[in-house]
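Colleague: Now for the letters of each chain:
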Amino acid sequence: MALLCAALVGAGVVARTAPPPSVPDALVPDDDPRRLGPPGMELPGAELTGTRPSGPAGRQDAIDRHGELQRNVHAAYVGWFDAVYRHDPGALATWAATGEVYEAGVEAMASESVRFIAPPTALSVGLRVDDVLLDHQDCVVVLMTDRVDRFLDAATPSRTVIGVFWPDGGGRLRLAGRWGAGTPESAWLAQCDHLVRDPVP
Amino acid sequence: MKTVLVTVVLTVMLLAASPAAAGESYRCWTERRVDPDIGLHLQVVVCRIDGRALVVFDRPGDAPVVLHPAVGRAGGGECWYWRSVFTGWVLERLLGSSAVLRYEPPGGGALYDATFARCGSEPEDDAPPLAMVWSVISRLAVPRPEFVLDPPITSTGLDTYVATRLPEALTGSAVSPVTGSRVDVVVAVDEVDVAWGDGAMLSVGGSLLGALGGHPEGAIRHVYESRGVYTVRLTFVWGAQWRVDAGPWHSLRIDPTVASSNLRVDELTARRAG
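Chains A and B supply the protein sequences, listed in that same order. Every letter in the first sequence is one number past the one before it in the numbering used here, and letter 116, counting from 1, is 116. Every letter in the second sequence is one number past the one before it in the numbering used here, and letter 18, counting from 1, is 219.
Do not take every clue at face value.
As the list claims (entries may be wrong) - Covered by chain A, according to a simulated footprint, are these stretches of chain B (three or more residues, beta-carbon under 8 Å):
#1 227-241
#2 244-253
#3 287-298
Bear in mind the hints are in silico, worked out from the structure with no lab data behind them. Ideal Cβ placement from N, Cα and C applies to all residues, glycine included.
Model the full assembly from the supplied sequences, consistent with the hints where possible.
Modeller: In structure tokens:
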């Protein structure tokens, strides 16, 4: 599998897109996949760059796919936090790909340090996919930046990390792990290729 | 002007070169940190470069190295971590925080695998007992047992026996030139899996291994229901037991050896006399 992934990356089959131009959220239409939340909810690093990306069809496909991943990763985050907020282990299991992520959610339900100030919703949970590191049918890896201070009393309102997700076959992405943003590829790729996919409780 | 240009080019080249390309040695381990604000874990790769600087890969674009799995020692036990050089270990699969690693001895030959916990802190330098265990196993000439079928051509409805002579357990030892510790290793067949070729399977282990003696004293037999030519395959599952300084025994799995043989099965038909 590692060889297959390496071959796919080498052959350019795996989408390895460049980060989209940063556009302030307020400038993005409501139906644009890059929208992260309500107007004014800008993530760190957003800066005015002018025009929206345009170009050949291949690039448009990459942008469309980026938008699809943006929506799915965002949905996974909203789903995970919503399950924690509602103390719903059943829902949590549908968004957690590993026992570790599931157990983290169960612990967060009882944690005093995870303090909700509002329901986590598609509007209050901010998440931007900065880069698609691996886009494979059984594993998706993205560099992503979240924004949590609209629904959590958080000392750190935003963080940029590498997220590893396993598609469930129905279009839903389930969180398998989070890595430091600069983690060498061989480390996070192992979570795609070698982690035994035991069923989540 | 020319000197300035050369200087600029050299500077750019030096900045562009990855640290690993400069021949630096990375020893990295994964630390699991909890983000208390959101409750999710974050795995962070921490590396010691050339035994000096400590680097945490937590910023985008920080990753200059290809990492290979390695085995070391941290917290008093064997564990796996990452290195920037290939040490012979290959990651087979992750089981939560532990991993199954396969060791491919230099120069080829037998393969071995074992399960290790993840190093959660900086591993000590390599000279773990397992390195010595592998070296002892590599020196042992692990045989490839064969088998015979009895009878060599059989018929439907009749018992067909499998007979094999299991090799004696192999033993070896080594003394670490660094610590003076002695490692004892015993390698033996733990189990024999029999595939009769018609879909029937049988695993033979423990005291039943003595039943692989063939007809008449053996007990491992099979009856075929249809005529044909079947490939009978025996998989000899090897295990290694090892201990340090006469301490408790530990187990390792060694890649199995396989032997196969074709068997013709005729149909037994009754003929009316006269």
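Colleague: Hint by hint, say whether it matches the structure.
Modeller: Hints and how they fare:
With 9 residues having a Cβ less than 8 Å from any Cβ of chain A, the region 227-241 of chain B passes the three-residue criterion, so the hint holds. Only residues whose beta carbon comes within less than 8 Å of a beta carbon in chain A count, and the region 244-253 of chain B has 3; three or more means the coverage holds. Given a C-beta distance limit of less than 8 Å, the hint that chain A covers the region 287-298 of chain B holds, as 7 residues qualify and 3 suffice.
Hint compliance for this structure: every hint is met.
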